[in-house]
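Going down the list, the protein sequences come from chains F and S. The opening position of the first sequence corresponds to residue 0 in numbering that gives the first Met the number 0, with each subsequent residue numbered one higher. The opening position of the second sequence corresponds to residue 0 in numbering that gives the first Met the number 0, with each subsequent residue numbered one higher.
Take these hints with a grain of salt, some might be off.
Covered stretches of chain F, going by a simulated chain S footprint (3 or more residues, C-beta under 8 Å) [claimed, not checked]: (1) 70 to 76; (2) 80 to 91; (3) 117 to 127.
Residues from chain S that face chain F, not an exhaustive set, calculated with beta carbons under 7 Å [stated by the list, open to error]: (4) Tyr167; (5) Gln212; (6) Pro252.
Cβ-Cβ distance ranges computed for the label pairs, FRET-style [what the hints assert, rightly or not]: (7) F:Asp93 - S:Asn247: 23 to 33 Å; (8) S:Gly173 - F:Asp93: 29 to 39 Å; (9) S:Thr161 - F:Glu259: 40 to 50 Å; (10) S:Thr246 - F:Gly137: 28 to 38 Å.
Since the hints were made in silico from the structure, they are not lab data. These numbers come from a predicted model, not from an experiment. Backbone N, C-alpha and C fix where the C-beta goes; we use that ideal spot for every residue, glycine too.
Number of protein chains: 2
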Amino acid sequence: MIRARRLGEGDLVALVSPSGASEPGRVAATVAALEGWGLRVRLGEHAGGRHAFFAGTDDERLADLNGALRDPAVRGVFCLRGGYGLQRIVDRVDFAAVRADPKVVLGFSDITALHAALWHEAGLATVHGPTAGQFDRGPASLTVRAARRAVTGGDPVAVTATRAEPTYAVRVDGVASGTLLGGNLSLLASTVGTPHALDLTGAILLLEEVEEQPYRVDRMLVQLRRAGWLRDLRGVAVGQFTRCADTNPHYPPILDVLREHLTPLGVPVLGGLPIGHGDEQVSVGLGVQACIDTAAGTLVVDPAVR
Amino acid sequence: MIRARRLGEGDLVALVSPSGASEPGRVAATVAALEGWGLRVRLGEHAGGRHAFFAGTDDERLADLNGALRDPAVRGVFCLRGGYGLQRIVDRVDFAAVRADPKVVLGFSDITALHAALWHEAGLATVHGPTAGQFDRGPASLTVRAARRAVTGGDPVAVTATRAEPTYAVRVDGVASGTLLGGNLSLLASTVGTPHALDLTGAILLLEEVEEQPYRVDRMLVQLRRAGWLRDLRGVAVGQFTRCADTNPHYPPILDVLREHLTPLGVPVLGGLPIGHGDEQVSVGLGVQACIDTAAGTLVVDPAVR
């Protein structure tokens with residue numbers, strides 16, 4: 000496992016859009032937030048563009064991403080938005096450049112495909128945290144403060160499960176430790192069978208989702224199970240499942256789906272974590288050691304930066 | 000490859016619901032249609048039930064399906080509905096019973112998971128054709144006549160691409176032959192990385208879809224590509240992509256998504272086939288030899304029964 004050096008005053012961060020397009024206002028808010036931390040910011044040439052579902056063509060988005068990963072002056076690569084599109088280009092990411100000069104990579108949602116790829120191909124610890132739509136919340140927000148700590152600090156973070164998060168009801172008591180891996184469930188399911196399929200042996204699996212009906216969440220969890228991804232886990236950290244309700248009154252709620260699949264795994268499961276597409280999210284490292292303690296209600300995660 | 004004996008006068012067909020629940024009126028219409036063909040019909044104990052997303056619990060649906068597959072009196076097993084749920088039980092299907100006494104299996108959509116499983120585990124040719132919601136169209140419909148021919152006849156069927164089908168615009172000219180495999184794209188993507196992953200080397204891939212936004216179709220095709228499923232195809236037979244439009248004016252239409260992924264494969268692609276969730280569909284065998292001829296505009300498929 001390799002960690003990038005933590006970001007400090009004057010370090011240059013590249014903002015890229017390897018997936019969907021971003022609102023200009025949100026990009027500006029992100030730039031302002033990062034400059035407020037004392038970072039210098041460079042916008043990818045196509046970071047503010049739009050093409051079909053994406054911020055640019057595959058080649059444009061890839062050029063911005065690889066340009067940032069290859070530039071020795073760039074110390075952090077932050078993704079402005081998830082959305083959709085990373086999987087189309089992820090096999091062409093310059094992993095050799097990442098191995099030679101690891102940088103702090105930040106993002107979530109569709110960026111889960113990049114986290115998985117960087118872990119698989121380079122063993123790089125990355126930061127699961129906000130994109131531009133969440134930096135928009137302002138410097139005082141938990142989301143922005145936690146992101147700053149994750150990319151500039153070298154201490155573990157304790158994420159506390161809260162009753163205000165609906166997935167708090169998903170729980171199997173116990174203590175577990177392992178490598179934290181995962182992210183957005185749809186992207187994990189879409190990574191099954193590909194060159195970046197995750198080996199979750201000994202891992203704590205992080206899961207979050209947005210705008211997927213319960214039957215789809217069920218289907219994705221069934222695919223992970225059938226592909227063997229859930230067999231040798233040490234634990235599951237359940238973040239937010241945002242707007243995953245169903246309008247059909249015959250159908251079970253999302254919490255029942257999660258409980259049905261996660262409680263029989265025989266490992267500790269901690270729901271209620273403020274990680275994902277909810278009102279606030281705490282940034283956590285992926286590819287680093289983490290501990291679940293359901294009695295304390297915490298997920299403690301080692302820093303992804305050194 | 001094994002074929003079941005074709006159905007004839009007085010043969011017993013079991014109607015099962017291994018996935019979603021069916022409307023009682025549609026079940027009755029299906030029973031009437033099959034009895035009109037001279038078949039005897041037995042409804043699975045849980046065929047008309049409802050439980051969460053499903054027609055019954057996993058054990059109930061599996062009991063009906065395996066009961067039918069194991070009963071020597073039953074010569075055909077027809078699935079009343081797709082919907083969602085087959086993948087939850089498909090690893091527990093009694094494949095030994097199928098190998099020992101192959102029966103005519105009919106269905107599509109979610110039943111794609113059963114087709115893939117029976118092909119993978121037993122080498123059984125199956126019939127991709129209507130469920131109860133399509134038998135509802137009455138005995139004169141193309142759908143019902145074609146289904147009858149597919150399960151009772153021993154001749155190849157020629158399916159003609161028609162301009163009335165929107166996917167007619169998806170085409171790469173040429174002639175190809177190979178084993179016809181596939182079905183519903185969502186189910187194929189959900190089968191990637193599982194024990195029933197299809198080996199499509201030398202195959203003609205059949206694709207259809209319903210109610211999936213273009214970006215999701217794109218994502219699923221990317222997963223198939225990244226998993227190597229599209230590498231050694233002989234051709235692609237494109238059925239209906241029903242209600243797969245997007246409301247976002249920035250996004251490309253479904254036809255652009257299909258063309259982008261299918262035309263670079265270097266094999267013949269024949270769109271416009273009346274197969275899927277559209278107004279009518281022609282039943283075709285899976286696991287049997289098929290030919291695409293784009294000049295003739297036909298997909299010719301060997302019978303799945305002997």
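Taking the hints in turn, this is what the structure says about them:
1. For the segment 70 to 76 of chain F, the stated coverage by chain S is violated: 0 residues have a C-beta nearer than 8 Å to a C-beta of that chain, whereas at least 3 were required.
2. With 4 residues carrying a beta carbon less than 8 Å from a beta carbon of chain S, the segment 80 to 91 of chain F meets the three-residue requirement, and the given coverage holds.
3. Using a Cβ-Cβ cut-off of 8 Å, 0 residues of the segment 117 to 127 of chain F lie near chain S, which falls short of the minimum of three, so the contact claim is violated.
4. The beta carbon of Tyr167 (chain S) comes no nearer than 22 Å to any beta carbon in chain F, farther than 7 Å, and the hint placing it at the interface is violated.
5. With its C-beta approaching chain F no nearer than about 10 Å, Gln212 (chain S) sits outside the 7 Å limit, and its interface hint is violated.
6. Given hint, Pro252 (chain S) at the interface with chain F, is violated; its Cβ is 10 Å from that chain's nearest Cβ, farther than 7 Å.
7. About 31 Å separates the C-beta atoms of Asp93 (chain F) and Asn247 (chain S), a value consistent with the hinted range of 23 to 33 Å.
8. Taking 29 to 39 Å as the suggested C-beta distance range, the pair Gly173 (chain S) and Asp93 (chain F) conforms, at roughly 36 Å.
9. Between Thr161 (chain S) and Glu259 (chain F) the Cβ separation comes to about 43 Å, which falls inside the hinted range of 40 to 50 Å.
10. A hinted range of 28 to 38 Å holds for the C-beta pair Thr246 (chain S) and Gly137 (chain F), which are about 31 Å apart.
Checked against the numbered hints above, the structure violates hints 1, 3, 4, 5 and 6; every other hint is satisfied.
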